[in-house]
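Engineer: One-letter residues, chain by chain:
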Amino acid sequence: MNTITLSELNGIILECLDRNLNPSYWVIAEISELRVNQKGHCYLELIEKQDDEVLAKSRATIWSYAYRNLSLWFEAATGQPLQTGMKILANVTVGFHQVYGLSLNIRDIDASFTIGERARKRLEIMKKLEEEGVAGMNKEIPLPLVPQNIAVISAPTAAGYQDFTDQLDKNIHNYDFRVRLFPALMQGKEAESSIVNALHAIFKSQEHFDIVVMIRGGGASADLDCFDSYRVASHVAQFPIPVITGIGHERDETLVDWVANTRLKTPTAAAEFLISGLKQFEDSLDENLEEINGMASEIISGELMNIDNYSRDLKHLATRLISETGGEFHLLKSRLGHVSKNRVNQMITRTIHAGKLLQKIVQGRLVLEHETFRRIGENLKLMDKSAILKRGFTITRKNGKLIRDPASTEPGEEIQTEFYKGTMKSIVKK
Amino acid sequence: MDKKKPTYKQALTELESIVAKIENENPDVDELTGLVNRAVELVKYCKSKLKKTEEQLNKSLEELE
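Going down the list, the sequences are from chains A and B.
End of the first sequence sits at 439 in the numbering used here; the numbers just go up one at a time, nothing left out.
End of the second sequence sits at 67 in the numbering used here; the numbers just go up one at a time, nothing left out.
Among the hints, a few may not be true.
[What the hints assert, rightly or not] Derived lysine-lysine pairs resembling DSS-like cross-links, with alpha carbons at most 25 Å apart:
id	chain 1	residue 1	chain 2	residue 2
1	A	Lys96	A	Lys58
2	B	Lys11	A	Lys137
3	A	Lys179	B	Lys54
Keep in mind that the hints were calculated from the coordinates and are not lab data.
Please put together the full structure from these sequences, using the hints given.
Structural biologist: Encoded structure:
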């Protein structure tokens, strides 16, 4: 048997590796563990997973001088620090230590891979949300006409929150905002659950709020992972009240920004947005009122003008009518005069004729009647006289005139006496 | 429904309907007065709801001191 010591074996392995391996490799791996010791050295555990199954695992290190630079640069590029869960593309050298075994040493990391990886994951979740039909739900909810009752999800100590409430409090229009804070962690591993819990709390009293505002101050360590979480995005997307974000970062949109009703860049911008919402409403009130006043004034001045016109027209008309009528009247009067005079004359003439005719007729008749009556009268007279004379009376006359009084005669005058059988003349003796 | 306390939306809708009414229906001067008064009432109501009261203002001023 050919026996060797362990260290000899390790030596063979080391030599073998040295001979067969490249100086370095660009490796894709996921960070499953990461810690930094006081000296500044970074110790990691890298794994490869398929679904949930671990296919490979390896230890890795980043020496402090390298880690210092790398971590700064990486965070600047991706907006996040190196952390577990992250998939990275790292340039590694394979090291085999006699005592500590195989280990990888990271000399460089390609941040764009991580960015791409992140973007890819984000896209994946976006697709998932779209397939579930929830992606556009919060966007479809119409923004409140007056966003006055506000539920805020934020860390109470965050500068962003202070700025936000200050701005709303001191707005120049003196609008009364009613803000209630639902505190949550806005970064770190616990942020996801914390935010979801806050959303649940708001949901329970949703009728008290017009709008939800999710804000966070910006900062050097912009750990935005929680805002790219499927859980948080899904909850926000399906939330029954409009959610607006002011997460304070310039970088590309997070998933929460994507599903939220409205995205603002910072907490300050979010406050401004709310204030302008109220201002818009107030403006529309004022505009409508102005229009009403304007139209009302027009109508009233129109009426006044109408009244003026009417009265002017009326005056004219009246004057004209009077003068016209006056003229007409005169005409009428004279016409009437002529006409009536003629008619009247006519009528009078006719009446006179008629009258004369009537007169004649009457007279005629009267004459006739007269004759008859006279004759009857005479007869009567005669008859009467005969009867009286027959009895022996006489009728004395002077000059044909009947006398009844002897005093109406003078001696010597002649009188006639009528007897039954004739007449006699006598002379008065006294 | 409590007509005395409309929501912002109801108030704005009513206000806009008053505008339309005046524009399209040619109300007479009496009706007009009624409409204008109602409009002013609505706007005053909304504005008082929108803004902080004197009381609140004074309180904040006190806090500043």
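Engineer: Confirm or reject each hint.
Structural biologist: Results of checking the hints against the structure:
For the suggested pair A:Lys96 and A:Lys58, the alpha carbons sit about 10 Å apart, so the restraint of at most 25 Å is met. Taking the CA atoms of B:Lys11 and A:Lys137, the gap is near 36 Å; set against the 25 Å cutoff, the hint is violated. Simply put, A:Lys179 and B:Lys54 have alpha-carbon atoms about 11 Å apart, close enough for the 25 Å limit, and the pair holds.
Consistency with the previously given hints fails for number 2 only.
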